[in-house]
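Residue-level listing of the chains:
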Amino acid sequence: MKRSLAVNILLALTLLALVILVALPFWWVISGSFKLPQDIIARKPTFFPHSFTLQHYVKLLANSAYTTYVGNSLIVATFSTLITLALAVPASFAFFRLKFPGRRTLFRIILLAYAFPSIVVLIPLFGMFTKLGIIDTLPSLVIVNVAFALPFSIWMLRSFFATVPKEIEEAAVMDGAPPTVILRRVMLPLIAPGMASVGIFAFISSWTEYVFASVLIISDDKRTVPVGFAGIIGQYQIDWGLLLAGVVLAVAPVVILFAFIGRWFVSGLTEGAVK
Amino acid sequence: MRNSSLLAFAFVAPAMLVLLLILGWPLVSAVILSFQDVRYVGTEPHWVGFANYIKVLSGSKLLSSIGLSLIWVVANAVLQTMLALAAALALNERFRGAKVARTWIILTWIVPTVVVVMIWRWLFSTSGGMINPLLIQMGIIDRPIGFFASPAGAFATLVFINSWRWFPFITLMLLAGMTRIPGDLYEAARIDGANAWKRFTRITWPLLKPTLGVLAVIGTLLSFNVFDIIWLLTAGGPANGTRTMPVLIYETAFKGYRLSEAATVSVIATILLLAFALITARALDREEN
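Chains as they are written, first to last, in the UniProt record's numbering: chain A, 1 to 275; chain F, 1 to 289.
A couple of the hints might just be wrong.
To be verified - Once the Cα atoms are required to be at most 35 Å apart in a straight line, the calculated DSBU-like pairs of lysine-lysine come out as: (1) K209(F) / K198(F); (2) K99(A) / K209(F); (3) K209(F) / K99(F); (4) K166(A) / K198(F).
By construction, these hints were calculated from the structure, which means they are not laboratory data.
With the hints as constraints, model all of the structure from the sequences given.
As structure tokens, this is what we get:
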């Protein structure tokens, strides 16, 4: 396919604008985190750093519970992801393949739940969890994250079930396989990319969640990365180097994870969603 | 048949139970709370009828926050959709590195909000930030400006930051819509001598419109709910210029310690959102038919 010169120029300009918009802020942050303090606040921005130091990272790891926060976040995000998948896969299979009274209504409710203003339930949930005695525990965060990730996950998975050719399923039905076996043996392997996408969605949602983690968790040693990070901001008002190092360390785990399975997520979104 | 219904319920029930307990029941509690007088979690409630509603509706805070939420939602929807459309059109083209670009454009969305806030607070700051020196070097301004100093400035800056975070998500959804447009349509148009602009206005745009409609609705609802970016950057200020509905709810509950009033605002917000969702769902349905 050949493009005209004008379209090519337009394309190049748009791509350049995108790189500036998305990548440049990250480049500034990463390079800033390795600069000496006086270079960070220099009057003239430099594209390539003039100095190199690890002092901000050393200070961050020595003076804060950063590794604890990362550990907590990993636990919360991993369990949220597994439970979301365990609940969403059978539910969306049922919504897509099985007939039962109230199916349409229930599915509409799930779509509405996706747009639900989470701040509305913050106050009652706080009271509820206090009564149940699970306030200030990591499981309370897992429960909340699962509830918020579920609606979109069920929605997304449903369109993956839709891509499975009907003949494959019919062949299994002819063989006399019950729905549970069809789901496990036939469907699950075929919707593996969908499950990967939903898994990444649930993981990232949990990893980035701030509001509930800041209200439901009280002790410092149970904080997740976003809340712990916000605490560091409050503690050291103007130590930009320390904060930039914190940014890099908070982003690194998700970026590394995304480097391995990100394309699953993107192809999942672009093949499965908006139906 | 009966068996299959039972199985379906067994499959759906666990997920529905979680949604019911974590979203449904708290919503009911919020409604109950709005008819009571409770200041702190755990205090003994007593019923006050519509007193909270009368108080909230007669004050000026609610109206101004509804107005700000409305401007917020529209401004974000416009900026996000424009950025996303430009990005999606570019990334839909074939060029070297297109696949990598399509994967990594989502970068702004996989980063925790707190980090987004941190990045931009630094970049926009008057001491050390990159934006001010850059604008001065380019000759656009001659002295550093405080992006968060005035209500309008803070609001516009927040719209930019929030759109920056969310437009890649919309971009991927748009790309999804574009990949579903059959390639031979473009081939045929090309043979007929249609230029790039014609191909966009005659093929891409009309076929993409339903996707754009759905995304505008999702984008609107998601923007309405945005709380953390605003709270962490401006806490609703300056001069309450960025106090949208979610900010007002949080502020009333956890800074003012008036839980019942906060619940009342929550209920009003939910009703407004629900009305919006129902009206647009109907409009989209009609367009499809």
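Cross-check of the supplied hints:
For the suggested pair K209(F) and K198(F), the alpha carbons sit about 16 Å apart, so the restraint of at most 35 Å is met. For the given pair, K99(A) sits about 32 Å from K209(F) by alpha-carbon distance, which is consistent with the 35 Å threshold. At most 35 Å may separate the alpha-carbon atoms for a hinted pair to count; K209(F) and K99(F) meet this at roughly 24 Å. Restraint check for K166(A) and K198(F): the C-alpha separation of about 38 Å exceeds 35 Å, so the hint is violated.
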